[in-house]
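Colleague: Put the two chains together into one complex; each comes in its own frame, and the hints tell you how they fit.
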Amino acid sequence: MLKLRRYLKNYKFHLTVGPLCKLIEAIFELIVPLVMADIIDNGLNGANASVGYILGRGGIMVALGVAGLGFSLICQYVASRCSQGFGTTLRSDLFRHIHSLSFAELDRIGTPSMITRMTSDIDQLQVAVAMLIRLVIRAPFLVVGSVVMTIAINPKLALVLVAVAPLIALALWAIMSATIPRYGKIQSKLDQVSDVARENLTGIRVVRAFSKQQTETRRFDDATQDLARSSIVVGRISALLNPITFVVINLAIVAILYFGGDLVDTGAMTQGEITAFVNYLMQISLALVVVANLIILYTKSAASAKRIREVFGMQSSIRQPRQDAPPAPAQDAPKLEFEDVSFGYGGKTALRDLTLQVYAGETIGVIGGTGSGKSTLIHLIPRFYDAAQGCVKLDGADVRSYPLRDLRAHVGLVPQQSRLFAGTIRSNLLWGNPDADEATLDWALEVAQAKEFVYAKPEGLDTPVNQGGKNFSGGQRQRLTIARALVGKPDILILDDSMSALDFATDLALRTALARELPDTTKIFVSQRATSLRHADKIVVLDHGDVAGIGTHETLLDTCEIYREIWNSQQSEQEAQA
Amino acid sequence: MKRSASPSVIARLLRYTKPYRLQLALAILGAICSVAASLLTPFLTGKAIDSIVGPGNVQMSIVLRYITVLIAVTAIGGIFQWILAAATNSLAFSTSKDLRDAVFAHIQKLPLQYLDRQAHGDMISRLASDVDKISDGLLQGFTQLFSGLMTILGTLAFMFTINPIIAAAVVVLTPLSLFVASFIGKRSHAMFQKQSAMRGKISGYVEESVSGARVIQAFGHEAQTQEEFEQLNSELYQCGFRAQFYSALTNPCTRFVNNVVYAAVGTVGAILVLLRGVMSPGTLTTFLLYANQYTKPFNEITGVVTELQTAIAAAKRVFAVLDAEPESDDSALPALQDCDGTVDLEHVRFSYRPDTQLIRDLNLHVPQGNIVAIVGPTGCGKTTLINLLMRFYDVNDGVVRVSDTPIRDVTRKSLRNCYGMVLQDTWLFSGTIRDNIRYGNPDATEDQIRAAAQQAHAHAFIEQFPDGYDTLLTDNGGNLSQGQRQLLCIARIMLTDPPMLILDEATSSIDTRTELKIQQAFHRMMQGRTCFIVAHRLSTIKEADTILVMKDGNVIEQGTHAQLLARGGFYHTLYNSQFADATLLAKNGAAV
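Top line first, the protein sequences correspond to chains A and B.
With this note's numbering applied, the first sequence has no gaps in its numbers, which climb one by one up to 578 at the end.
With this note's numbering applied, the second sequence has no gaps in its numbers, which climb one by one up to 1170 at the end.
Treat the hints as calculated values from the structure; they're not laboratory data.
Positions of the beta carbon are idealized from the N, C-alpha and C atoms, including for glycine.
Wrong hints could be hidden among the right ones.
To be verified - Quick partial rundown of chain A residues pointing at chain B, CB under 8 Å, derived from the structure:
no.	residue
1	R6
2	S72
3	L73
4	A79
5	A197
6	R205
7	R208
8	D265
9	Q271
10	A505
Chain B extracted, bound-state conformation (with noise of 0.2 Å):
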C-alpha cells in the first residue's frame, strides 16, 4: 500500500460528507465553542480563587461575578458538546450508510469475472466492518483530532499569555510526552499485528478442528488436534503477552509524563511567584489545570493517529471495489425485441484466464423449440457455456445471436429476460414465498401466483403450511427441502414465461418423491421453448436435439444422441460407462 495515496483516501472520503455539510458545520462550531467553554472553566476558576485569598480578605462580589459567567459558560458549553457529539454521529453513520449502498449498488454492476473471484464473506466483511472501521476511524476521529488540536492550540495561547516563561516549560516538555507515546504505539502495533495474525490463525483452526469435530470423532484424532492447537495456543500466548504488556504501557507512562508536566508547572510557577510576584496563587491553579488539559489530546491524538491509520487501510478495501471496473454501460442500446427462440454462437472462443484457453471455436445453431443437452463428466464446464448464453461473462472472440441479433447490440436486461433459469443450486431471497415467485413479475395477480404454483407441482406443499403463500422463508429457504426450493424456482420461471429456458438437472440428493414433480414440471415448462439442460438422465439426453458434450471445458463433440453413438467417440465411452451399470457390476460378483 502506497503512503502517498493516503491524503488522496481521506479527501475521497470527505467528499462522502458533502450532502451532510449542515451536520459537518454543527460538528466545527460544537468542537469550536464546547473547546472553548473548557479553556475558559480553569480560567475563570482562577480568576474567582484569586479573590479568595484568605480570611477577611475574600472579594465576595467578584467571585460572584465569575461564577455566574462561569455558570453560563457551563450551559453553553454543556449544549454544544452535544451538539458536537450528535452532530458527528449524524454525520458519520449518514456518510457509512452513503458508502454502503455506493459499494452494493456498484456491486451490482461489477462484471461476474471480477464477483466470481471474490470471497463473498471478504466482500462482505469490507461491506460490514470496513465501513464501520471508517466511520469510528475517520470521522470520529476526525472531530477528535479536531478539538484536540484544538485544544492543544487553545491551552497554548492561554498559557503564553499568562506566563511565556511557564507555558515555555510546558513546551519543552511536550516532544517527552510525543516520544514515549509514539516509542510505545510503534512497539505495540508490531505486537498487536503479531498477536492478530496469531488469532487469526488459531481461530481458523479453532473453525476447521469444531466444525469438523464429527470426523475427528470418527477417525479418533482427538489427542492429535489437542496437541496441535495447544501448540498455537501456546504460541498465542507468548504473542498475547507481548502485545498486552506493551500496550498496558501507554497508561502509566503518560500518566507520569503528565505528572512530571504538573510538577514542573507546579514548581517553576512557585518559585515565579515567590520571586518576582508576577503571578497570583489563583493564575497558578488555572496554569495547573491548562497543563493537565494539554497533555491530555496527546494521548487521544496517538489514539487517534492508530485508528485514522485502521480507517485508511479499511478505506482502500472499500475504494478498491468502487475502483473495480463495471460492466460497459448498454442503456444507450436497444433492447432485444420479439425473441424468437432461436441461438446461434459463431467461431466462439472463450477463457476465465488468458493462459487456458477453455472454448475454442464453437459453432452452434438452435431452432426455435429445440432441446440442448449438455453432457460431460463431473467439472467439466458446463455452467461456462451457460454464463456466455445469459452473458454473464463476454466471449473473448466470435458471436452469440439470439433471434439473430448479436447479444452484445442488446440490452443485458432485455437478453436476460428471454431466458428462464433453474439451477442446481436453487436461490430464494428472505421473504415471502409470495414474494420469491412473483420475483420476475411483481406485478403478478394472486390468481396468477397461485397458477404458476399449481403448474410448478409447489401449491400443494405451499398450503400445507399455515401461512400459505405468506410463510416467511429464512437462510435461502432453509425451512424446505432442497426439492421443494426447486419447485419455486419452477414457479417463480412459470410466471415470467420466458421463449427460452436454461436448466439444470438434479443429481442426486433430492427428495425422491418430489423428484417425480420437478420432472413433470420441467417438462410442463419445456414444451414450445428453446432449452439448454445441463442434463444427467439419460432419457433426457436421448430426447435432445442436440448433445454438447464437455469436457475440460471444452465441448469436444455436438451431434443427435445416434449420431454420437455412431462416431465412437467420447460420448460413446462415457454412455457406455452409464448403460453398463448392471452388466459390468455383474461381473464383479454380488457386491454392490
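Only chain A is shown next, with the shape it has when bound in the complex (with noise of 0.2 Å):
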C-alpha cells in the first residue's frame, strides 16, 4: 500500500485525531468494569456502603458512555470524512491515468480488469481506511488493555488470559487460513455456473434447435452441485470458530473461578474482582473477533492496493514530443508515409516491413484474413501505438514529431467496433468536433446514410443514446460513428472494417457519397470485401502481417496470389453479375 499513502497526506489530522478518539472511547469501556467491581467490593460492603455511593458510581459509569459515545462520533465522521475523500481523489487519479495509457498498456490489463480496479478495489481500499482508524487501534488495545488491566489486578490470575489471547487468535488464524483460500475456489465454481447460464442464455436457439434442453440442464446441476458441495465443505469449517471461542472462553472463566476461588479464599483478592476478571475474558474474546475481521479486510485490500498500483506504474510508451507546436508540412511529401514499418504485439510480429506512400486525396484499400495485421496498420497512423522499427510520417514529419492532439485532429477513425457514447445523437457527433454547427451535422449524418433513420425519430438529432450504444442497431451504430468522423472534416479517414454490418445497397451509396462530398480527404478503408475495395488506388495485401502485395485491383490480379485467391472466392458475385 506504500505507493498509494501520499493520497493520505492531506488526512494528517483525520489520522490522528480519529484513533485518538477511538483509544480514549475504549479506555473508559476498560474502566467501567472496574467501576462495577467497586460497587460490588465498596458499596455493598464495608464503610462506604450507601446508596449515594452506588448512585454517584453509576453516574460515572453513564457518563463514561456518553463521552466514549462522543469522543466515537467524532472518530466516524473524521473517519468517513477521510476514507471517501482518499476515494475520491484516488478515484479521479485513476481515471486520468488510465486515459493517459495507450493502447499497448490499455491490453496488457484489458477492460474488465480495468474496471474493476476502477470500481470495486477503490472501494475495497476505501473500506480499509475508514476501518484503519476505526479499529486498527481499538481492537488490538481493547485486548491489551484488558491484558494490563488484569494483570494489575491480579498477575497471576491474569494469566490465564495471557493464554486465552493466543490460543483465540491461533484458532482463528487457523480457521481463516484452511478457508480463505477456499473462498477464493467457490467464487470460481459460481463463475462458472454463471458461464453455464450465460452459454445457454446466447446459445437459446441453437440448444432449442437440437432439443438438448434436459442435457444442459444437466449439465448446469453438475455445476450448482459442486458449488454446492464446496460451500458446505467450507462451511462446516468455519462453523468452528464460535465454537471453538465458546469453549475457550468458558475454560478460562472455568480457570478463573477455580483459582479465584483459591486467591480470594487467602485474601489475595475480592469477590468483585473476580465479576471484572470475566468481564474483561468477555471483552477479549469480542475484541479478537474484530481484530481477525481486520486481518481478512487487510489481506483483501492488499492485494487491491496491489492491482490499482499496477496500473499506476505503467507508463504510456507513447512520448509526447518535446515542442508544442507541430511541424511545417513538407512541399511534395506524401499525405502519408510507411518507411520499412514493423511492430508485434508481445514478441509476435504482427505487421513486417511495409513500405507504402499515400498522396492527398488518394484511396487506399487493406485486405486480408483476420489477424492479418490490418488493424495494426491503421492504428499506427494516429499513434495508438508507435511502430517497433521504421517510420510512419504524416505531411513528410515523423507522427512522433507531433503533439498527440494535433495528430490525432488530422485523423477520422471510424473503429471496428461501433462504440457510442450514453448521451443524445447530438452529442456523440460533437466528439468529431464540438463546434461544429447544425448544418455540418446534417451533411455528416447524409453522407454516412443514417440521416433517414435520425430523422425517423420523433426526437431526431436530441435521441438519447444509452450505455454503449445499445438502443442502436448494430447496422445504426455503424453509420452513426462514421458520421462523428466526418463531423471533424478530417484530412484522413480511416475505416475499420466499419461497414460489415451494412447490406451491399447501404455499402455501396455510403461509399458513393463519400468519394463524391469527401474528395480530397484520404480515405483509407480495411474491409474483407474485395468488391468494395476493387477501385482503390491502391490496395494493400497483407498476410499474418507479411505486405503479400501492393497494387491497383488488375496489377495484383495479375501478380499476388494471395489476392486473386481472395478474389476468386469471392467471385461468384462477380459470375452473378456478369
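Modeller: This is how it looks when you write it as C-alpha cells:
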C-alpha cells in the first residue's frame, strides 16, 4: 500500500484524531468493569456502603458512556470524511491515468480488469482506510488493555487471560488459513455456474434447435452441485469458529473460578475483582473477532492496492514530443508515408516491413484475413501504437514529432467496434468537433447514410443514446460512428471494417457519397469484401503480418497470388453480376 | 412491490427447504441447545462466584460442583453451536442449489418471446447473486433471528426469575435500543440507496469510458471525459460520506445504549442488594452478564431485518422468472414422423408486439429439396421467419405445416430435429471440439465424427491443434477464427443429417480463405435438402427456387429471380444497387 499512502497525506489530522478518539473511548470502556467491581466491593460492603455511593458510581458509568459516545462519533465522522476523500481523489487520479495510457498498456490489463480496479478495488481500499481509523487501534488496544488491567488486579490469575488470547488467535488463524483459499475456489465455481447460464442464454436457439434442454439442465445441475458441495465443506470449517471461542472462553472462566476461589480464600483477591476478570474476558473475546475481521480486510485490501499500484506503475509507451507546435508540412511530401515499418504485440510480429506512400485525396484499400495486421497498420497512424521499427510520416514529418492532439485531429477513425457514448445523437456527433454547426451534423449524417433513420425518430438529433449505444442496431451504430468521424472533417479518414453490418446497397451508397463529398480527403478502407476495395487507388494485401502485395486491383490480380485467392473466393458474386 | 406479498414469498421459500427437513431440525435443535448453553454460563458463573465471598469464606466444593456442570455445559454448547452453524450452512447451500436448478430448468421451458426480451446479464444475476442474497439473508438470517429471539426470551425469563425489578428496568430500556437502531437503520438505508444508485452510475460511466478508451483517445476527448467523471465522482463523495457516517453511527450508539443498560442494571441491582439484601453479589454478576447478552441480539436482529428485506427483494426477482408462463406442454402430442421436407405457410400473420403488425398474410409452398432465399436490407427481419419455422415463436394466425402436418400438432423436439441450423452468430459451448461436433448426436462414433468434420472441411484445422479433437473450446470458441467456428457448426449439422436446413450466409468479416471452404461445405450440405437461406450472395439468390424479399419485417415480394426482376419492384432496385456497384462508382471518378 506504500505508494498509495501519499493519498492520505492531506488527512494527517484525521488520521491522528480519529484513532485517538477511539482510544479514549476504549479506555473508558475498560474502566467500566472496574467501577462495577468497586460497587460490588465498596458499595455493598465496608465503610462506604450506601445508596449514594452506588448512585454516584452508576452516574460515573453513564458519564463514561456519554463521553465514549461523543469521542467515537468524532472518530466516525473523521473516518468517513477521510476515507471517502481518499477514495474520491484516488478514483479521479486513476481515471486520468488510465486515459493517459496507450493502447499497448490498455491491452495488457484488459477492459474488465481495468473496470474492477476503478470500482471495487478502490471501494475496498476506502473501507480499509475507514476501518484503519476506526478499529486498528481500538481492537488490539482492547485486547492488550484488558490483559494489562487484569494483570494490575492480579498478575497470577491474569496468566489465564494471557494464555487465552493466543489460543483464540491461533484458532482464528487456523480457520482463516483453511477457508480463505477455499473461498477463492468457491468464487470460481460460482463463475462457472454463471458461465453455463450465460452460454445457454446466448445459445438458446441452438440448444432448442437440437432439443438439448435436458442435457443442458443436467450440465447446469452438475455445476451447482459442485458449488454446493464446496460451499458446504467450507461452511463446516468456518462453523468451528464460534464453538471454539465459546469453549476457550468458558474454560478460561472455569480456570478463573477455580484459581480465583483459592486466591479469594487467602485474601489475595476480592469477589468484585473476580467479576471484573470475567468481564474483561468477554471483552477480549469480542475484540479478537474484530481483529480477525481486520486481518481478512487487510489481506483483501493489500491485493486491491497491488492491482491499483500496477496501473499507476504503467507509463504510456507513447511519448509526447518536446516542442508544442506541430512541424511545418513539407512541400510535395506524400500525405502519409510508411517507411519500412514493423510492429509486434508481445513478441509476436503483427506487421512486417511495410513501405507505402499515400498522396492527398487517394483511396487506399487494406485487405487480408483475420489477424493479418490490417488494424495494426491503421493504428500506427494516430499513434495508438508506435512502430517498433521504421517510421510513419504525416505530411513529410514523423508522426512522433506531432503533439498527440494535433496528430489525432488530422485523423478521423471509425473503429471496428462501433461504440457510442451515453448522451444524445447530437452529443455523440459533436465528439468529432465540439463547434460543429447544425448544417455540418446534417451533412455528416447524410453522407453516412444515417439521416433517414435519425430523422425518423421523433426527437431527431436529440434522441437519447443509451450506454454503449445499445438502443441502436449494429448497422445504425456503424453509420453513426462514421458520421461522428466526418463531423471533424479530417484530412485522413480511416474506416476499420466499419461497414460489415451494412448490406450491399447501403455500403455502396455510403462509399459513393464519401467519394463525392470528400474528394480531397485521404481515405483508408479496411475491408474483407474485395469488391468494396476494387476501385481503390492502391490495395494493400496483408497475410499474417507480411505485405503480400500493393497495387491496383488489376495489377494485383496479375501479380499477387493471395489477392487472386481472396478475389476468387468471393467471385461467385462477380459471375452473378456478369 | 407489494408489502403484503412478503409473507407469501417467505412461505414459498420455506417450501424449498422441505427436502432438507433433517438439516432444519438439526438447526433448530442446535439453536435451542446452544442458546441454552450460553444462558446457563452466566448463571453457573454467578452461582460459583456466590460461593467465593471473601477470605476464609470460599466453599470450594460448591465452586467445583458448578465448575463441573459448567464444563459439561460448555462441551454440549460447543457441539451444538457447531451443529447449528453447519446445518444452517448445508440447508442454505442445498436450498440455493435447488433454487438455481429450478430457475435454470424453467428458463429452458420459457418461450423465446420471454427470453428475447430479457437482458442476459440480468437473468444471470438473478441466477447467481440474487440466489446468494436469498441464502445469505433469508436462511442464515432466519437462524440468527431464531437464536436471537431465543436469547432474548431466555434472558428475560432468567432475569425475571432472578429479580423482577431489575428485569423490568432492563425491559423499560429496551425500546431505547430499538428506537436508536431503527432510527439509524432508516436513515442509513436511504443514504445507502442513494449511494448505490450513484455507484451504479459511476461504474456505468467507468465501464463505458474504459472500454471506449480507444475512441476517446482517437477524438482527443480525454479532458471532457475527465471533467464529466469528476462531476460524478464528487456527487459520489457526497452520498458516500453520508452513507458511511450514518451507518458508522450504529455501533457507537448501540454500544452506548448497552452501556446505559449495563450501568442501570448495576446501579439498581446494587441498591437492591444493599437495601433489601434480596440478591447476592454473584447474582448481580449473573445479571450483568445477562444484560449484556440481552442487548446483543437486538443489534443483530436489526441487521437481520435489512438482510431479510434484501433477501425478499431478491426472492421476488427470482420468483418472477419462475412465474413466467412456460411454453405450452407438448409431451402429449405425437412426434413428427418421416418428415419429407415440404413446408407450407398458409395465411400466416405474426408480430412481436400487438401494436406493430409484422408479417401479414404470408403464403408459401416449398416442395421437398427446394431452396428458398431470404433477402432484404439490413434489419429487415429475416430472423423472424426462422423464428416461425423453428417454432421459436408461434404464429398469431394461420398455419405452418411440415410434411402436411401443422407444426402446432407435433412436439417441438421432433419438429426442430428436422432442421439443421447454421447461423452467422456461431454458438459453441465450452467443451472439447468432439463434444461440440456430436452435440446433436451424442451417440455418434469416432469415425462418424471424423467423417462429418471432413465433409465440413474442418478436419484439417482440427488436426493442427496439438490436442486435435480433444481441444478444449473456451469462451464460445474464442481460440478459433470465426470461419473455423462456422465450419464446426456445419460439421455438427452434417452429423445429424436433417431433411431441412436453415442457413445464414456471412456478410463479411470472415477469413476469406475459410470462406471458400464454408461455401463448399454449404453446397455439399444442401444437396437434396429443403433449404432456407438468409442470402447475401447473388449466386445463391439466383439459384434459389423461391426468393422472399423482406423489408421492415414483412415479406413484400416473392418469386424467382427472373419473375421478380420482371416485376420491377423492390427486388429490382435492390438487385440493381448491388449489380450497379462497378458502373455507378465509375461515374464518380476514381475514388473507391
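Colleague: With reference to the structure, classify each hint as holding or not holding.
Modeller: Hint by hint, here is what the structure shows:
1. R6: violated (18 Å)
2. S72: holds (4 Å)
3. L73: holds (6 Å)
4. A79: Given a least distance of 7 Å, the restraint on A79 (chain A) holds.
5. A197: Holds: closest Cβ of chain B sits about 5 Å from A197 (chain A), inside 8 Å.
6. R205: holds (6 Å)
7. R208: With Cβ-Cβ at 6 Å, under 8 Å, it holds.
8. D265: holds (4 Å)
9. Q271: holds (6 Å)
10. A505: This interface hint holds because 4 Å falls under the 8 Å limit.
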